[in-house]
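Undergrad: One-letter residues, chain by chain:
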Amino acid sequence: MTDDGYKAGSNLEKVLAAGKFAVTGECGPPKSADGSVIEKKAQMLKGYVDAVNITDNQTAVVRVSSMASGVQVQQNGVEAIMQMTCRDRNRLAMQADILGASVLGIKNVLCLTGDHMSFGNHPEAKGVHDLDAINLIKMYKDIRDEKKFQCGEEMSVAPALYIGCAENPFADPFEFRALRLQKKIAAGADFMQTQCIFNVPKFKEWMKEVRALGLHQEIKILAGITPLKGVGAAKYMKNFVPGIDVPQEIVDRMASVEKGPPAQAEGKKLAVEMIKELAEVEGVAGVHIMAVEWEEAVPEIVETAGLLPRPAVA
Amino acid sequence: MITAERKPFDEILELVDGHKKILVAGCDTCVAICLTGGEKEAEILASELRMKAQADGREVEVEHTAAIRQCEWEYLDMIAAKVDEADVVLSMACGIGIQSMAEKFAPKLVVPAVNTNMLGMPQEHAVWLERCGACGECVIGETAGICPVVRCSKSLMNGPCGGSHDGKCEVTTPEKEDIDCAWHLIWERLKAQGREELMHKIRPPKDWSKSSSGGPRKMVKEEAKPV
Amino acid sequence: MADDFEPEIIVFACHYCAYAAADLAGSMRLQYPSTIRMIKLPCTGKLEVIHLLRALEAGADGVYAAGCLEGECHYLKGNLWARKRVEHVKRLLPEVGLEPERVEMYNMSSAQGPEFARVATEFTERIKALGPNPLRRHGVSPHAAAREAARDVALPDEAPAGAAAPAPAAEAPAQAPTEKGPAA
Numbered sequence: 001m002t003d004d005g006y007k008a009g010s011n012l013e014k015v016l017a018a019g020k021f022a023v024t025g026e027c028g029p030p031k032s033a034d035g036s037v038i039e040k041k042a043q044m045l046k047g048y049v050d051a052v053n054i055t056d057n058q059t060a061v062v063r064v065s066s067m068a069s070g071v072q073v074q075q076n077g078v079e080a081i082m083q084m085t086c087r088d089r090n091r092l093a094m095q096a097d098i099l100g101a102s103v104l105g106i107k108n109v110l111c112l113t114g115d116h117m118s119f120g121n122h123p124e125a126k127g128v129h130d131l132d133a134i135n136l137i138k139m140y141k142d143i144r145d146e147k148k149f150q151c152g153e154e155m156s157v158a159p160a161l162y163i164g165c166a167e168n169p170f171a172d173p174f175e176f177r178a179l180r181l182q183k184k185i186a187a188g189a190d191f192m193q194t195q196c197i198f199n200v201p202k203f204k205e206w207m208k209e210v211r212a213l214g215l216h217q218e219i220k221i222l223a224g225i226t227p228l229k230g231v232g233a234a235k236y237m238k239n240f241v242p243g244i245d246v247p248q249e250i251v252d253r254m255a256s257v258e259k260g261p262p263a264q265a266e267g268k269k270l271a272v273e274m275i276k277e278l279a280e281v282e283g284v285a286g287v288h289i290m291a292v293e294w295e296e297a298v299p300e301i302v303e304t305a306g307l308l309p310r311p312a313v314a
Numbered sequence: 315m316i317t318a319e320r321k322p323f324d325e326i327l328e329l330v331d332g333h334k335k336i337l338v339a340g341c342d343t344c345v346a347i348c349l350t351g352g353e354k355e356a357e358i359l360a361s362e363l364r365m366k367a368q369a370d371g372r373e374v375e376v377e378h379t380a381a382i383r384q385c386e387w388e389y390l391d392m393i394a395a396k397v398d399e400a401d402v403v404l405s406m407a408c409g410i411g412i413q414s415m416a417e418k419f420a421p422k423l424v425v426p427a428v429n430t431n432m433l434g435m436p437q438e439h440a441v442w443l444e445r446c447g448a449c450g451e452c453v454i455g456e457t458a459g460i461c462p463v464v465r466c467s468k469s470l471m472n473g474p475c476g477g478s479h480d481g482k483c484e485v486t487t488p489e490k491e492d493i494d495c496a497w498h499l500i501w502e503r504l505k506a507q508g509r510e511e512l513m514h515k516i517r518p519p520k521d522w523s524k525s526s527s528g529g530p531r532k533m534v535k536e537e538a539k540p541v
Numbered sequence: 542m543a544d545d546f547e548p549e550i551i552v553f554a555c556h557y558c559a560y561a562a563a564d565l566a567g568s569m570r571l572q573y574p575s576t577i578r579m580i581k582l583p584c585t586g587k588l589e590v591i592h593l594l595r596a597l598e599a600g601a602d603g604v605y606a607a608g609c610l611e612g613e614c615h616y617l618k619g620n621l622w623a624r625k626r627v628e629h630v631k632r633l634l635p636e637v638g639l640e641p642e643r644v645e646m647y648n649m650s651s652a653q654g655p656e657f658a659r660v661a662t663e664f665t666e667r668i669k670a671l672g673p674n675p676l677r678r679h680g681v682s683p684h685a686a687a688r689e690a691a692r693d694v695a696l697p698d699e700a701p702a703g704a705a706a707p708a709p710a711a712e713a714p715a716q717a718p719t720e721k722g723p724a725a
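So the protein lines, in turn, are chains A, B and C. Numbering of the first sequence is given in the numbering used here, commencing with residue 1 and proceeding in unit increments. Numbering of the second sequence is given in the numbering used here, commencing with residue 315 and proceeding in unit increments. Numbering of the third sequence is given in the numbering used here, commencing with residue 542 and proceeding in unit increments.
Please keep in mind that the hints were generated in silico from the structure rather than gathered at the bench.
Computed cross-link-like contacts, DSS-like style, restricted to lysine-lysine with a CA-CA straight-line distance of at most 27 Å:
1. K354/B to K581/C
2. K20/A to K208/A
3. K587/C to K354/B
4. K515/B to K148/A
5. K482/B to K202/A
Nothing here was measured: the structure is a model prediction, and the numbers come from that model.
With the hints as constraints, model all of the structure from the sequences given.
TA: This is the structure in structure tokens:
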């Protein structure tokens, strides 16, 4: 707990605590030691998001680490949300890394299980999975609040952390989803980002049930959006990405527009419509825009959706 | 039981390359039951080795035999004479049996003809599925009799992860068959047992020091040691 | 390969169908290659992978199993098991440098004398095109080896009526190969 009553006092936390509709973005680090890539992405997003996720070897493909890119992003004036996956590190490394991240100024961390190695470019690697995401959330919560390592030893200075998790409203039977969210809240998660939503009605159904359990008051929920560049992207997400529900109307809508700039414009338009609709759903505290390799679309989307200026909270 | 699969033939040839007298040693327990390395399979491999040698113009003598269980030295006494005559023993037993032979008959060269792969259950005839992770601290009393260490691709103690959909795991096997999501199965069975509350329990991190991660393990039964 | 290549082919035939079909082919005076050597089994379900391998190891140019029509096996599924084992041997043969076409599974009913003859002819032609088994050795009898391997399950020979009988005299000096492998 920071002096002014926040858990970490990060910009994201403050925006959400003030009841403002939060906007987070996402950045994928490069597959090389090229430091300029993240700098450019940060510059693009500056002023348009409250914080930005830095993915961590996403889909088990090796990239610059989330912590390193997160530090870079913060050096460029944008707050980072570091991601930590259970696939790549054991409890020693995960604790060491969070202490290191905190020392370097990072305050937000998203705790994830991690996509299986078989999806990525090093399928022969040994998956660590010393802990699972729920163990990880609890471990970080205890480090922050109890000032204790996972083994029980005390530490003198604990990191200030705002702890996040991910959830997919569409992947499982509902009884699972509510249960998992409850467990993550019980473990100590402060905020949650959903997998990208295309089926808004279905998402609204899920939110109804989340609200019935009062979960929206226990955790800050950010609805995930991915702007579509064209019908190809829509079809790909529909057919090849597990757990993503893309209604046929959306595919048809993207198909009805000419490829290239017209399709991109339509994709952005659709994203704005969805953001506006999601902002009206009770319990949705913000939006998480995952413009994968299309970060340049974010400023326009945020502006057109009427989300500027981003709040400056004390 | 312990299951194993015969190594690719080329790899076996490399392992026995240059040796004139080969003994193919089967084991009539686990590997026989999973149809990989019993006496029957040893005879087949021996025949193949002779055929290949003849085709290549190499002179080899290949015999086959089988021990009732290669991991128990008393049974190995029964095949000791044959082992003695061989330049190399090509063992079709699981890794335990192969190492047991290598140790008992050291420094005789004993090489593996199989890849030991899992502690598996025959789901139906000729199909084996991995079931146990030999983790040293069994939790299946709380997970409805389903092992989360080895039936969950990520060994989650609090599953499922976001990759679970339609009851299937996000990982597919090389055979392109879907893997059941273990945590989905656990949930369904806990419901059937009226023990849903166990799904709400936050299971703590596993103590991996009890598994092979903590170093090779040893078990001793003092009460049974010979006097 | 030489035009005078006479393949030595071993046939594992089931008592109820294929062997009876062979008998019938003989009675009908149908022509089929005389170089096929029959081994009678109560059912092709008794055929084991090692029987096929031993025959080829001893130099048989081709081996096939002949059983009842699928769905009509006297022992219900024996012929289905035989087919699986033949398929398995087909997968093993390339490992040792032999063509998978040297083994086969055929199905016929006891009334199908002509089919028996057709199959025997077709398979022999296939083997002639493939050429002799490189593992053939002087003094080693594939038929004796196959018989030895299948000794626990093979039924006694009886010459099918009308067909050329195997020449037992020519067999006598040859021996089944031992496990020691090829002689120098």
